[in-house]
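Undergrad: Chain by chain, the residues:
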Amino acid sequence: MRIRVVALLVVALVAAPVISLLWRVPWSRMSSLLTEEVVTDAISLSLISSVLAAVVALTLGVPVALLLSRMEGVLASITRALMMLPMVLPPVVGGAALLFAFGRRGTLGAALEEVSGLVLPYSLAGVVLANAFVALPFVVLTIEGSLRTLDPRFELAAASLGANQFHTTVKVVLPMVRSSLIAAGFLAWARALGEFGATITFAGNVPGKTQTLPLAVFVAMETDQEAALVMSVVLILVSLVVLLTMRDRWWPSR
Amino acid sequence: MNEINRPLLDAHVVVERGDLLLDVALRVAPGETIALMGPNGAGKTSLLYSLFGWLPLRSGWILLDGQTLDAPGEDRSVPPHLRNLGMVFDDGLLFPHMTVGQNLAFGSDTKLVDPDLVELLELAPLVAKQIHHLSAGQRQRVALARTLLAKPKMVLLDEPLSSLDPSARGQARDLIKSAFDSQLSGALLVTHDPADAFTLADRVMVLENGKVSQFDSLTALSTQPSTPWIASLIGWNFFTGSARDSIVVLPDGIEIATSHSGLSGEMTVAINPGSVSLFLESPGGSPRNNWRCEVSNVQFVGQVARVTLSGVMQIHADITKAAAAELGLHQGLELWASVKATEVLVQGSSRPS
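Those protein sequence lines, which keep their order, are chains S and Z.
Oh and the first sequence: position 52 is 51 in numbering that gives the first Met the number 0, straight run, nothing missing.
Oh and the second sequence: position 41 is 40 in numbering that gives the first Met the number 0, straight run, nothing missing.
Calculated directly from the structure, the hints in this document are not laboratory data.
One should not assume that every hint holds.
Listed below are the simulated DSSO-like cross-link pairs for lysine-lysine, each with C-alpha atoms no more than 27 Å apart in a straight line [unchecked claim]: (1) Z:Lys128 with S:Lys170; (2) Z:Lys152 with S:Lys170; (3) Z:Lys176 with Z:Lys320.
Non-contacting residues of chain S with respect to chain Z, defined by C-beta distances greater than 10 Å in every case (computed) [as the list claims (entries may be wrong)]: (4) Thr39; (5) Ile47; (6) Phe153; (7) Leu155; (8) Ala162; (9) Val171; (10) Val218; (11) Leu243.
Remember, predicted model here, so these are calculated numbers, not experimental data.
Think of the CB as a built atom: it goes at the ideal place given N, C-alpha and C, for glycine as much as any other residue.
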């Protein structure tokens, strides 16, 4: 009984800020604020960049998870710690590190610009890179965990039927961890959608170009609180919809 | 070596795995099935995995149908998927995200599944099903068919019947037997059950602690076991006589009824001592084999009483200690030994009716 009371108090504690926020939303001005250019730009930029970042993180994370799931020993621990670093690191530090690597005068950025003319900082590609960077650990962690529970003899069975390693991975291994691929994709997307620190450090805060929803909310809190509220409502709604759609995947019903 | 005498598999496998040093030389003739037996941890599965290229050889060689898969000094080892070796696992290991039909088609070049094999293994009603709707026996049949459809040069089976209950086991064994007879060029079968070895295999290799302790026919293993483990495993009754339809007639005229039909020629049958029941009164009932015998010896091993019977029939029976006490067993006691026809295993038979 006491546990239930404590639990309900905690739920109320989490709900309180969300409800207070919804309380203050200027519902009458909702439609006009939602059509303001700064707001629509931020919404579309956020949706595009977070989806792209999830796709990039998933694409890059799968091979790493496959590799780590087959490694043992010190080298595996070091590689895994390195891959998990962006999850623990303050995103601002991550953004700064990205700048030193992929900035115009960064170790890789200068070469990249010379070869392809691509400049990552202060561009949409930069936003995607920053978001994918912080989302990658979630993808690797989720997929590696489920790969490790997979019976390795399935690969043996596929090989005994003449399938090479690529064929085995695509036709057997990945389909068997399908639900964790989906979960990883959504986790990565959720992490990218809320990303702030790495984005602002690496890609800046240019309205209509790199200003995502969280950045726009932060700026609007200083200038136009009602716009900030409206954008927050959008973020809350999108998050709730995703959480409810994914509920069976994360919390299987009994 | 000429083509005709060339063995299908010629291997000398030396593998280190933890404390175990596996050192096995093995030759399998084309069309031959070898049963691999031995206590747990003897290296049976390690041998299969090393033939498959899943465990690296420390030394030795593996030649399959004249092709070098592994060789000493050569830095080249053929990867598992190019070895032309099929593998059937104890739990079938069907791919759960595919239907039965997709599983069957996985290893075959053509999308068409061989209709003969489908009929033989009674798979037609299963093809559209999802894996989790199959029984253990059905899974094993699909797994065997999936492996055979990939047309391997040889099949390695790791206790394929161990997940089945005893009643399903006999039927699955018969199906494997007929599939082997029609489709297979050679097989290596790991098993704990002498019945599998007797019905499916031409020879039995016994591994103990990484070494071959005996490699011979099951009858030879039973009559002249080279180690205590073999002796304790295979205290089976073997009888050789001439077969007439469903009956095997021994040289002294005693008849043994089987559940098979259309048998002919000289034939060996095997009876598990655990399948022999003892009664004070004639049990009757059919189809059964009942013989009036005399107890010549009783030996207690743990909870089991091993009874040696003489008289019209020389046969061993394993019964529980409690049953032995109830019968009041003593040397010279006359009683009835009874064996169901379905418990009589027939070697080298074609499909049972």
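Undergrad: It remains to establish, for every hint, whether it holds in the given structure.
TA: Cross-check of the supplied hints:
1. Between the alpha carbons of Lys128 (chain Z) and Lys170 (chain S) the distance comes to roughly 19 Å, so the proposed pair stays at or under 27 Å and holds.
2. For a cut-off of 27 Å, the pair hint linking Lys152 (chain Z) to Lys170 (chain S) stands: about 24 Å separates their Cα positions.
3. Between the alpha carbons of Lys176 (chain Z) and Lys320 (chain Z) the distance comes to roughly 35 Å, so the proposed pair goes past 27 Å and is violated.
4. For Thr39 (chain S), the requirement that its beta carbon stay farther than 10 Å from each beta carbon of chain Z is met, with the minimum near 41 Å.
5. The Cβ of Ile47 (chain S) lies farther than 10 Å from every Cβ of chain Z, with a closest approach of about 32 Å, so its non-interface assignment holds.
6. With a least beta-carbon separation of about 6 Å from chain Z, Phe153 (chain S) fails to lie farther than 10 Å from that chain, contradicting its non-interface assignment.
7. With a minimum CB-CB distance of about 6 Å to chain Z, Leu155 (chain S) fails to clear the 10 Å threshold, and the non-interface call is violated.
8. The Cβ of Ala162 (chain S) does not lie farther than 10 Å from every Cβ of chain Z; its closest approach is about 6 Å, which violates its non-interface assignment.
9. With a least CB separation of 6 Å from chain Z, Val171 (chain S) falls inside the 10 Å interface cut-off, contrary to its annotation.
10. For Val218 (chain S), the condition that its CB be more than 10 Å from all CB atoms of chain Z holds, with the nearest at approximately 47 Å.
11. Distance check for Leu243 (chain S) against chain Z: the nearest CB is about 26 Å away, which clears 10 Å, and the non-interface claim stands.
In this structure, the earlier hints numbered 3, 6, 7, 8, 9 are contradicted, and the remaining ones agree with it.
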